[in-house]
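Chains A, B, C and D, in that order, are what the protein sequence lines are. Using UniProt numbering, read the first sequence as starting at 1 and increasing by one per residue. Using UniProt numbering, read the second sequence as starting at 1 and increasing by one per residue. Using UniProt numbering, read the third sequence as starting at 1 and increasing by one per residue. Using UniProt numbering, read the fourth sequence as starting at 1 and increasing by one per residue.
Do not rely on the hints blindly, as some may be mistaken.
As the list makes no split between identical chains, a pair holds if one copy fits it or if it spans any two.
[Said to hold, decoys possible] Quick list of in silico lysine to aspartate or glutamate cross-link-like pairs, EDC-like style, CA-CA up to 20 Å:
id : residue 1 : residue 2
1  : Lys28     : Glu10
2  : Lys170    : Asp249
3  : Lys170    : Asp291
4  : Lys401    : Asp116
5  : Lys94     : Glu60
6  : Lys26     : Glu200
7  : Lys86     : Glu22
8  : Lys92     : Asp41
Simulated from the structure, these hints should not be mistaken for laboratory data. The structure displayed is predicted, hence computed values, not measured ones.
Below are the chains, spelled out letter by letter.
Number of protein chains: 4
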Amino acid sequence: MTDRAYALFEEQQQVRGIDLNEVRSKLKALRIETPSWGYGDSGTRFKVFPKTGVPRNPFEKVEDAAVVHRLTGLSPTVAIHIPWDKVEDYGKLKRHAESLGLGIGAVNPNLFQEEDYMLGSVTNTEAAIRRKATDHLLECVDVMKETGSRDISLWFADGTNYPGQGDIRKRKAWMLESLRELYQALQPDMRMLIEYKSFEPAFYHTDLADWGMAYNYALKLGPQAEVLVDTGHHAQGTNIEHIVAYLIDEQRLGGFHFNSRKYADDDLVVGTVNPYELFLIFYQIVLASRDTNEGIRQHVDNIAYMIDQSHNIEQKIPAMIRSVLNVQTQYAKALLIQHAEIEEAQRNGDVLGAEDAVRRAFEIDVTPLLHSIREEQGLPLDPMRAYRESGYGTQILTRGKGGAS
Amino acid sequence: MTDRAYALFEEQQQVRGIDLNEVRSKLKALRIETPSWGYGDSGTRFKVFPKTGVPRNPFEKVEDAAVVHRLTGLSPTVAIHIPWDKVEDYGKLKRHAESLGLGIGAVNPNLFQEEDYMLGSVTNTEAAIRRKATDHLLECVDVMKETGSRDISLWFADGTNYPGQGDIRKRKAWMLESLRELYQALQPDMRMLIEYKSFEPAFYHTDLADWGMAYNYALKLGPQAEVLVDTGHHAQGTNIEHIVAYLIDEQRLGGFHFNSRKYADDDLVVGTVNPYELFLIFYQIVLASRDTNEGIRQHVDNIAYMIDQSHNIEQKIPAMIRSVLNVQTQYAKALLIQHAEIEEAQRNGDVLGAEDAVRRAFEIDVTPLLHSIREEQGLPLDPMRAYRESGYGTQILTRGKGGAS
Amino acid sequence: MTDRAYALFEEQQQVRGIDLNEVRSKLKALRIETPSWGYGDSGTRFKVFPKTGVPRNPFEKVEDAAVVHRLTGLSPTVAIHIPWDKVEDYGKLKRHAESLGLGIGAVNPNLFQEEDYMLGSVTNTEAAIRRKATDHLLECVDVMKETGSRDISLWFADGTNYPGQGDIRKRKAWMLESLRELYQALQPDMRMLIEYKSFEPAFYHTDLADWGMAYNYALKLGPQAEVLVDTGHHAQGTNIEHIVAYLIDEQRLGGFHFNSRKYADDDLVVGTVNPYELFLIFYQIVLASRDTNEGIRQHVDNIAYMIDQSHNIEQKIPAMIRSVLNVQTQYAKALLIQHAEIEEAQRNGDVLGAEDAVRRAFEIDVTPLLHSIREEQGLPLDPMRAYRESGYGTQILTRGKGGAS
Amino acid sequence: MTDRAYALFEEQQQVRGIDLNEVRSKLKALRIETPSWGYGDSGTRFKVFPKTGVPRNPFEKVEDAAVVHRLTGLSPTVAIHIPWDKVEDYGKLKRHAESLGLGIGAVNPNLFQEEDYMLGSVTNTEAAIRRKATDHLLECVDVMKETGSRDISLWFADGTNYPGQGDIRKRKAWMLESLRELYQALQPDMRMLIEYKSFEPAFYHTDLADWGMAYNYALKLGPQAEVLVDTGHHAQGTNIEHIVAYLIDEQRLGGFHFNSRKYADDDLVVGTVNPYELFLIFYQIVLASRDTNEGIRQHVDNIAYMIDQSHNIEQKIPAMIRSVLNVQTQYAKALLIQHAEIEEAQRNGDVLGAEDAVRRAFEIDVTPLLHSIREEQGLPLDPMRAYRESGYGTQILTRGKGGAS
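My request is simple: use the sequences and hints to build the entire structure.
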């Protein structure tokens with residue numbers, strides 16, 4: 001049935017004028033980084049439900065990440081969080097990863113879990129705390145050198161809960177000061193990805209609240225600074241794909257933190273709340289990858305796709321497999337968009353025709369295509385089932401409860 | 001200056017035709033319950049910043065609550081949370097409270113911090129877990145008998161994170177089943193307050209998501225069941241005072257959990273984000289307290305005002321003093337509304353006149369009035385300063401860090 | 001290719017244990033009412049762009065609606081709006097419709113476009129205006145008798161723009177008074193569908209703001225009163241399918257007004273913003289249609305599906321065809337859900353498995369199924385293309401501009 | 001009583017260390033521009049309720065605006081909208097205004113009410129329409145020369161309703177092209193104010209959707225381009241005063257369009273939904289006006305305050321008087337903030353103290369201060385009453401219904 005399904009699929013796409021070779025080659029090039037902290041316990045402010053089998057240290061986290069890659073072929077790197085993943089010898093961690101077919105990806109500083117940072121890290125009123133925070137950022141660059149990481153991924157929890165609590169403009173200046181120092185420390189091949197978030201944990205103002213602020217800092221810093229879009233970090237009623245297209249056009253879209261939200265920053269498995277939104281993000285990316293401007297095309301090739309979720313009730317590894325598969329699915333659909341049709345509809349002012357052309361690609365079932373590619377790559381057709389059957393989930397139960405966060 | 005200020009205030013209100021005696025007597029009758037858990041450590045999912053001086057047990061929490069009442073005259077009762085405030089001898093806790101001039105207020109069951117409840121408490125698929133959850137509710141009724149509490153205050157974290165995770169209608173039936181059993185166990189003078197919340201910690205559907213669901217359960221259960229409005233538990237763009245007026249009209253408004261929010265359920269100090277909204281809530285209450293229908297008037301008299309906040313970065317006791325003062329301030333302003341003016345504007349279709357009449361009361365500075373009342377009651381004019389000067393904040397530092405939550 | 005596609009589809013569904021005969025029969029029973037006003041000019045407050053070819057009177061609107069049904073087989077009735085569709089002889093309008101294979105569906109009173117209603121219709125402070133408004137409702141019942149309509153569909157624009165402008169509780173009583181009088185006038189086989197809306201055109205409070213208020217009125221009125229869910233009338237971050245499931249469970253879900261929104265009440269073509277949400281609504285309906293409780297099953301059979309959109313820039317008839325097709329598509333997908341799998345996952349606490357089982361049905365391409373059904377029914381496989389090729393769009397251009405709204 | 005009230009007020013502010021001379025002089029310098037279209041009929045998509053007495057032409061609009069200024073002393077200029085205010089001889093309009101003590105303020109192009117612009121004006125796919133739109137912008141510069149206007153205020157309705165309808169990045173380039181041409185045409189003393197809006201009338205993407213996009217265009221264009229903040233044009237849960245502070249810091253805040261919203265872009269009278277938000281915006285402005293950086297101070301002095309509302313049910317002139325008074329009130333309160341106290345609290349990490357210091361200024365009743373200033377300026381103490389008593393409202397009834405929009 002699988003073969004017949006793909007044969008039919010192939011035929012259907014041929015009729016639509018889709019170059020399946022190109023689609024396949026793009027799909028095989030897709031890389032989605034998983035985060036080390038996605039394998040540990042996490043939760044809401046009401047309760048963290050500790051799971052049995054959660055990795056106890058960075059080495060075990062890397063092992064779990066390797067399982068995701070082995071089964072999906074999609075996640076050859078794992079992002080780390082410092083100090084959660086602090087080890088004495090990063091070279092050893094890197095070699096451990098490599099022995100499992102993985103590389104170390106983005107390094108994520110942590111500036112929100114020490115008591116000093118209660119009223120701000122790089123935007124704290126106290127110079128000594130700002131110094132400490134910046135030093136931590138510089139420490140992360142050192143880690144990057146050891147792990148061979150390209151990207152430092154910056155999210156600041158800094159902000160205030162009440163009017164007057166902080167001087168918004170002074171804090172803005174302090175953040176820039178810190179970012180400049182970090183920027184200076186970057187090696188030429190390193191990138192700084194600046195993430196923004198509208199609220200939480202700060203509930204009045206967040207120093208780096210939206211893409212405009214992140215972009216503005218990137219402009220001031222230089223070409224190695226780019227913006228990181230976390231799909232859950234926007235106010236309700238924000239058109240995320242518009243921001244994506246806008247940043248691509250300015251060649252400042254560094255990457256994504258993928259996850260889903262229905263309400264606030266829910267951090268659910270990506271693609272489970274509004275899969276069409278994820279598809280529409282990829283529509284903008286695919287469109288840009290066909291741009292006549294080579295700079296735009298190259299820029300798009302360097303976008304870092306990363307998962308950033310907080311699995312509260314789900315099993316860790318299967319949730320991660322599901323996540324990368326969902327991203328792959330929507331990307332595959334976006335690759336099937338018939339652009340010529342859309343362009344013609346646009347020229348003719350055919351609103352309904354243009355809409356239909358986009359949505360129709362979304363409605364295509366890409367299972368035959370993905371099966372065919374997995375088969376070609378020697379991957380299990382159904383990675384979720386393969387995981388269940390692998391016994392790995394049972395094997396790690398010996399780790400017990402109370403693993404790392 | 002204080003005396004002159006009050007003399008002028010009195011004169012100004014006389015001109016407006018406000019009966020200050022009635023206003024004063026209503027203000028003196030205001031009671032705002034504080035929650036025991038508001039004195040302990042709390043925070044966001046990113047970090048709980050432990051404070052020094054936090055109470056180590058229910059007895060110390062009651063002591064802190066007593067300080068708030070001593071300085072403000074507003075908070076003669078304290079709500080408790082079971083099992084956070086579980087003690088062997090509730091009579092002893094009650095007597096301890098009474099010795100400090102306090103009573104034990106609402107009892108709050110906790111059905112969200114045990115691992116069993118990860119996928120639901122009273123709406124769990126497993127009958128044994130539902131049984132356990134209902135038993136906990138019944139246990140709380142036993143506590144109420146010992147503490148002499150009138151109200152059991154119900155908030156359920158129950159819900160799902162993904163479509164399909166639970167059967168929405170089955171869960172609805174299970175919840176009703178549990179509530180019925182609890183309702184049967186209530187003594188005639190007890191009330192069940194049913195709280196609702198739109199999301200968090202559940203991110204797809206929350207079993208008890210809005211006032212309509214809470215109200216519907218109350219209707220099914222009987223007259224001792226009423227709705228509890230938490231000001232932070234609504235979607236953005238919800239008119240809370242409309243819901244308040246609606247529930248009063250149906251005589252099903254049991255009480256409030258007060259707090260502020262700008263984004264989600266931020267749980268900030270009440271009255272700090274949009275004080276006008278709090279005023280407008282009290283406008284509806286004050287209006288109903290003047291209704292020709294006696295049932296409505298009596299209903300309004302029984303509304304329970306309670307604080308429910310999660311102080312993340314603020315000092316606990318001062319934050320609570322500030323909270324009850326903010327409620328008092330907005331209530332005082334609402335008592336100064338000139339209703340006859342508004343009614344005339346309504347009859348004349350004078351939209352701007354009606355709006356102005358409401359807002360003008362909000363713009364009155366009620367400091368002279370509140371000072372005068374505090375003076376009459378032998379309270380410090382400035383409770384925040386009185387707290388600072390009392391030395392209590394220093395004294396409790398000996399409790400150290402790591403107190404109860 | 002079409003035949004092979006269906007053969008493969010059939011085989012795939014067989015493997016999944018789906019009974020395609022039942023699916024087909026349910027799909028053939030689907031009825032989606034289109035609104036007469038959806039064929040006329042409409043727009044935003046900034047501009048109504050008049051289209052050429054818009055119907056000039058109710059008879060021409062019915063003709064356009066007939067085209068939609070002829071091409072899709074989905075829309076055998078058309079809703080009317082009084083006085084927009086006021087005619088001297090409703091019998092004549094009905095016979096005109098019948099001659100085109102159509103019936104007259106729900107009757108929609110209009111209580112928002114006369115100057116008298118600026119400050120409210122059934123909730124106006126002036127008794128004479130309330131009387132006038134109620135009389136219009138009663139007039140609509142007379143129309144229903146002539147058109148043979150089952151449903152009167154009630155949407156009130158009533159509300160206020162500022163605090164104090166109206167007395168919320170008095171207005172509540174006035175609305176109930178009016179609804180009661182209407183309810184008394186209903187014939188036994190008629191239904192009253194009560195719609196709610198969170199805001200617009202009222203911007204402070206809307207008298208009938210949410211499902212809870214609509215439901216409460218229905219309870220007070222009696223079994224012929226039910227709630228109408230307009231998919232665009234909720235605050236951001238409202239779980240609509242939860243409300244749907246809840247109302248079904250109470251057997252008070254009268255019907256839907258379908259449309260799409262990304263921001264406020266955008267009134268876009270249904271299924272274009274978040275098609276998964278529409279699918280999840282149908283998931284709840286399909287699930288209820290399998291309930292062991294016969295009352296629930298029968299209730300679900302009587303849900304009225306109606307389109308209610310405001311096409312601002314789209315061509316009218318094609319937009320309507322697209323709309324009913326989108327509803328059909330999502331319903332078809334929902335019929336393919338494997339319920340046994342979901343139930344097993346629920347029993348096992350398998351959160352990811354349950355989510356996956358739901359979403360997988362959404363990812364199925366139902367084109368072969370819909371083609372096969374259309375073929376069986378003698379309908380064009382691609383109704384949009386059939387419309388373009390029919391020449392009807394050109395033919396109506398002779399109507400000129402400036403048609404009815 | 002008025003004198004005693006001011007004497008007491010003066011004394012109270014002296015104790016707080018507030019320099020009332022400075023406050024008074026800043027209040028006397030406050031200028032709030034009213035819009036010509038605010039005197040004409042406007043409404044929602046459901047209904048525009050035509051008022052009697054609405055001005056029939058630009059000359060009458062200017063007369064109404066002059067009344068607002070005569071009674072409040074706050075609004076010496078009136079903004080115009082082209083072509084709504086198109087006249088043969090702008091010099092004549094200017095002289096008419098001057099004879100009434102008014103100047104012509106910002107010129108507002110209108111690019112949303114011609115049929116050509118249905119699918120975009122400066123971002124339309126068709127070059128000829130883009131050309132026409134840009135020509136209209138250039139025409140407005142010519143008007144500015146004749147009216148002596150400093151600012152051209154740009155709001156574009158341009159956007160799309162569906163994915164695929166337009167090419168987001170191409171439209172971005174077209175907009176920049178048009179803005180560049182306009183920028184070149186500006187005289188050295190002219191400014192271009194770029195407004196943004198998140199949605200409506202476009203419901204999928206709006207080309208100029210947020211402050212970041214407006215700011216980015218301003219950066220690309222040059223120092224005469226600045227951002228215009230309309231208080232109603234943000235997603236729910238956006239901290240507007242943060243954006244204000246941010247833009248001031250970059251010296252790119254050109255001005256405001258003031259109005260209120262509870263839901264979407266409700267366009268209600270400014271200061272009626274959340275007056276504290278308006279106060280907090282002024283807090284940022286007042287804070288910046290005390291900056292040590294002279295550039296910041298000068299920048300703040302040039303912010304244009306403008307009203308932009310859509311009075312649907314309110315009487316036009318009184319609504320405008322109320323609007324400018326509400327702005328004056330919140331500005332007055334913000335001028336009473338005790339900054340030294342806040343700064344000390346910030347240094348000490350005293351979150352509650354800082355919040356309290358800000359909010360306390362908001363709670364001050366500024367009536368005595370405003371009365372005193374009006375008295376000094378020879379203005380009526382109560383402008384609303386003075387308007388009612390002036391008879392102007394009756395006098396204009398002779399204009400009849402059906403005035404200009």
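A quick look at each hint next to the structure:
1. In this assembly of identical chains, Lys28 and Glu10 lie within 20 Å of each other by CA distance solely inside one copy; the values are 17 Å within and 30 Å between copies.
2. Only between protomers do Lys170 and Asp249 lie at most 20 Å apart by alpha-carbon distance; the minimum there is 9 Å, versus 31 Å within a single protomer.
3. With identical chains, the CA atoms of Lys170 and Asp291 are at most 20 Å apart between copies only, with a shortest distance of 11 Å across copies and 41 Å within one.
4. For a Cα distance limit of 20 Å, the shortest separation of Lys401 from Asp116 across copies, 15 Å, qualifies, whereas the shortest one inside one copy, 29 Å, does not.
5. In this assembly of identical chains, the alpha carbons of Lys94 and Glu60 lie at most 20 Å apart only when taken from the same copy (13 Å versus 50 Å across copies).
6. Taking CA atoms no more than 20 Å apart as the test, Lys26 paired with Glu200 passes in neither setting, with 36 Å inside one copy and 37 Å between copies.
7. In the homo-oligomer, the alpha carbons of Lys86 and Glu22 never lie at most 20 Å apart, since the shortest distance is 41 Å inside one protomer and 56 Å across protomers.
8. Taking the shortest alpha-carbon separations for Lys92 and Asp41, neither the intra-copy value of 24 Å nor the inter-copy value of 39 Å comes in at or below 20 Å.
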